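Each chain, letter by letter, is given below.
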Amino acid sequence: MRCGTTSQGRSCPRNCKRIKPSNMPLANRLGRRTRRLSASQETGRRHRSNSFGDGPAEGIVLKISLAAPGAAATLVVARAADRAVLPLLIGGVVLLFLVSLGVGAVRLPIGSVVAALFGFGGEIQQTIVQDIRLPRALLAMAIGAIHGLSGAALQGLLRNPLASPSLFGAPQAAAFGAVLVIATGLADVLSFALPFAAILMAFASVFVLIAVAGRNSSLLLLILAGLALSSLAGAATALALNLSANPFAALEISFWLLGSLEDRSFHHLALALPFIVCGGWLLLARRDAFRALSLGEETAQSLGVNVAGLRLQVIIGVALGVGAAVAVSGTIGFIGLMAPHLMRPLVGHDPGRLLWPSALAGAALLLAADIAVRIIPSSTGIKVGVLTALIGVPFFLYLIMRERRRLGGGLA
Amino acid sequence: MTMSDYLTVEQLGIKLGGRLLVKDISFALPRRSLVALVGPNGAGKTTLLRALAGLVPSQGRVTIDGKDLAGLAVRERALRFAYLPQGHAVHWPLPVRDVVALGRYPHGATDPQRLGPHDAATVDRALHEADLIALQSRPVTELSGGERSRVALARALATQAPVLLADEPIASLDPYYQLSVMALLRKQADAGALVIVVTHDLGLAARFADRVLILRDGRLTNSGPPDLALAADALAEAFAIEAFRGAHEGQPVIVPWAAR
Numbered sequence: 001m002r003c004g005t006t007s008q009g010r011s012c013p014r015n016c017k018r019i020k021p022s023n024m025p026l027a028n029r030l031g032r033r034t035r036r037l038s039a040s041q042e043t044g045r046r047h048r049s050n051s052f053g054d055g056p057a058e059g060i061v062l063k064i065s066l067a068a069p070g071a072a073a074t075l076v077v078a079r080a081a082d083r084a085v086l087p088l089l090i091g092g093v094v095l096l097f098l099v100s101l102g103v104g105a106v107r108l109p110i111g112s113v114v115a116a117l118f119g120f121g122g123e124i125q126q127t128i129v130q131d132i133r134l135p136r137a138l139l140a141m142a143i144g145a146i147h148g149l150s151g152a153a154l155q156g157l158l159r160n161p162l163a164s165p166s167l168f169g170a171p172q173a174a175a176f177g178a179v180l181v182i183a184t185g186l187a188d189v190l191s192f193a194l195p196f197a198a199i200l201m202a203f204a205s206v207f208v209l210i211a212v213a214g215r216n217s218s219l220l221l222l223i224l225a226g227l228a229l230s231s232l233a234g235a236a237t238a239l240a241l242n243l244s245a246n247p248f249a250a251l252e253i254s255f256w257l258l259g260s261l262e263d264r265s266f267h268h269l270a271l272a273l274p275f276i277v278c279g280g281w282l283l284l285a286r287r288d289a290f291r292a293l294s295l296g297e298e299t300a301q302s303l304g305v306n307v308a309g310l311r312l313q314v315i316i317g318v319a320l321g322v323g324a325a326v327a328v329s330g331t332i333g334f335i336g337l338m339a340p341h342l343m344r345p346l347v348g349h350d351p352g353r354l355l356w357p358s359a360l361a362g363a364a365l366l367l368a369a370d371i372a373v374r375i376i377p378s379s380t381g382i383k384v385g386v387l388t389a390l391i392g393v394p395f396f397l398y399l400i401m402r403e404r405r406r407l408g409g410g411l412a
Numbered sequence: 001m002t003m004s005d006y007l008t009v010e011q012l013g014i015k016l017g018g019r020l021l022v023k024d025i026s027f028a029l030p031r032r033s034l035v036a037l038v039g040p041n042g043a044g045k046t047t048l049l050r051a052l053a054g055l056v057p058s059q060g061r062v063t064i065d066g067k068d069l070a071g072l073a074v075r076e077r078a079l080r081f082a083y084l085p086q087g088h089a090v091h092w093p094l095p096v097r098d099v100v101a102l103g104r105y106p107h108g109a110t111d112p113q114r115l116g117p118h119d120a121a122t123v124d125r126a127l128h129e130a131d132l133i134a135l136q137s138r139p140v141t142e143l144s145g146g147e148r149s150r151v152a153l154a155r156a157l158a159t160q161a162p163v164l165l166a167d168e169p170i171a172s173l174d175p176y177y178q179l180s181v182m183a184l185l186r187k188q189a190d191a192g193a194l195v196i197v198v199t200h201d202l203g204l205a206a207r208f209a210d211r212v213l214i215l216r217d218g219r220l221t222n223s224g225p226p227d228l229a230l231a232a233d234a235l236a237e238a239f240a241i242e243a244f245r246g247a248h249e250g251q252p253v254i255v256p257w258a259a260r
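Here the protein sequences line up with chains A and B, keeping their order.
Position 283 of the first sequence, counted from 1, bears residue number 283 in this note's numbering, the numbering being contiguous throughout.
Position 251 of the second sequence, counted from 1, bears residue number 251 in this note's numbering, the numbering being contiguous throughout.
Bound conformation, chain A alone (with noise of 0.2 angstroms):
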């Protein structure tokens, strides 16, 4: 459909425009509506007083039945596009599973892999399956899953792109409750003072970034105080290694620090599962109050919205989830960033509809990852902590250029 030749209406261009190529048969139908749409829009020009208050009510019921479906049939192919995004990603994210079961030391195929996972196969292919690597490939995908959600959790509340658990300094605070507990000896790597430290100091970072920043804080402000929150809780990991008994401790809480998924086991999956999935079911239960706080605070609120609780409730989901996550994984950053970003468009911007599309994206990014550092030759072995920073570095500073004019002519 070329619009030109139709006729000069005014919405014609800008619906056509959304239309893919593969969706030619829906574009042509659409087209002939979008012709008598702009015949419509002449009706409604020329009876411009009508569009408002008393006029005639002809004019009035031929543009709702003349112009509502073609408008609306863009609306339609939008959403069609919405409905496959879901079932895509959980494809993604199992076919990442399976690949994740068979890299390693030993590589195996699909097929071996499924085999050894249901109990068949050979013995050593069973162990190497179902004790090492699964373990590892669950955590990779809860804790990728959880972070992505936080990440669209905190961006929905925030109202903000840039927003993320690691930009705020969530993860380097839970760092450091756990490296204090370590170090001070208070209990050893395997119990759950560990995650319960992570958690608190994760809860302490975000509420108090969030009160330092204010309600409705600029981005700059909400970065800054991340900034400093994050520089704080490094300095005090520091001065708690600084301070260790043990050097081989440290070095062994510095490598830890990096983030990594090598050799964790299902006690490790049982220490931080129930609270991730707490904390990720916190943030899920919230889907529509962020959608009505896409109209700002008060908004919201007048809409019936407590926004407080909402605040409240983010926080703590937050620090639920992404505490016990780095409590068993180190700080593994950026996954909450870049998730979210590259499901927007997918689900029309919406930021209810994009907590369950991010979680998948995070758990499909940080499986990828974690098979990444598996497959580059290396004589250490990668930190997929590393790696993921690697990459989501320059992605962040990408998003700072893309939203640079709208950070510097007033923030938002």
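If you're looking for bench data, these hints aren't it; they were derived computationally from the structure.
Predicted model only: the values in this text are computed from it and were never measured.
Certain hints may be false.
Chain B is faced by these chain A residues, among others (derived, beta-carbon under 8 angstroms) [as the list claims (entries may be wrong)]:
hint : residue
1    : Arg159
2    : Arg291
3    : Ser302
4    : Leu303
5    : His349
Every residue, glycine too, gets a C-beta built ideally from N, C-alpha and C.
Guided by the hints, dock chain B onto chain A, whose structure is given.
Chain B alone, transformed into the frame defined by chain A:
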């Protein structure tokens, strides 16, 4: 206070950040009326509106339909008051239709993509009334300021609340839409709503309102039908201006003329 009064405010005081912004305000308003809330900058108009919408804490007593506002749950209040703030910020590029559909949020229709038939029809009507049918699939962030303010108005209409609180709904509009929006608010009032509009346009206030409330330094200094409340001495006292006063087609005309 008569039986027909729908919204009553008694000795309302609002203190924010240690400053008393609104002092001892009392009034009672019936349904089926359009009320213009006017006054100089900083008089407390927006604060008063926000207090009525339940966005800031206040002292005193407000009742709606005989019920004490303080005893209403957040959602109950949301069903009774539609609030249209200044600025019309939308933070994500959502389609116009979805933004308007958020007006159905207090009714439990929290997902614009899964509206029931009644909610969808209400949204369609609101889109139509604000002349937005042709724009309904456009991302709201791509629209002009005037178009965005009409989207915000349509969102407030879709709530179908008995009280509509509009904070400068015509501030960024061209004359055509200023008149259209005021006519639309007038129509809502005639259909049974109580519409309270904050505006600086004394001419449109005089032309469309049933009643004008003048706020100055946080106090209600004058209240009544437009020709009385906006009389020469009242304008001189509240705004320190002189105005041309006349009539056209049987309606009052007020044009601010000179600062005193």
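So, going through the hints one by one against the coordinates:
1. Arg159: holds, 4 angstroms
2. Arg291: holds, 7 angstroms
3. Ser302: Nearest chain B Cβ about 4 angstroms off; hint holds.
4. Leu303: holds, 4 angstroms
5. His349: With a closest approach of 4 angstroms, the His349(A) hint holds.
Checked against the numbered hints given earlier, the structure satisfies every one of them.
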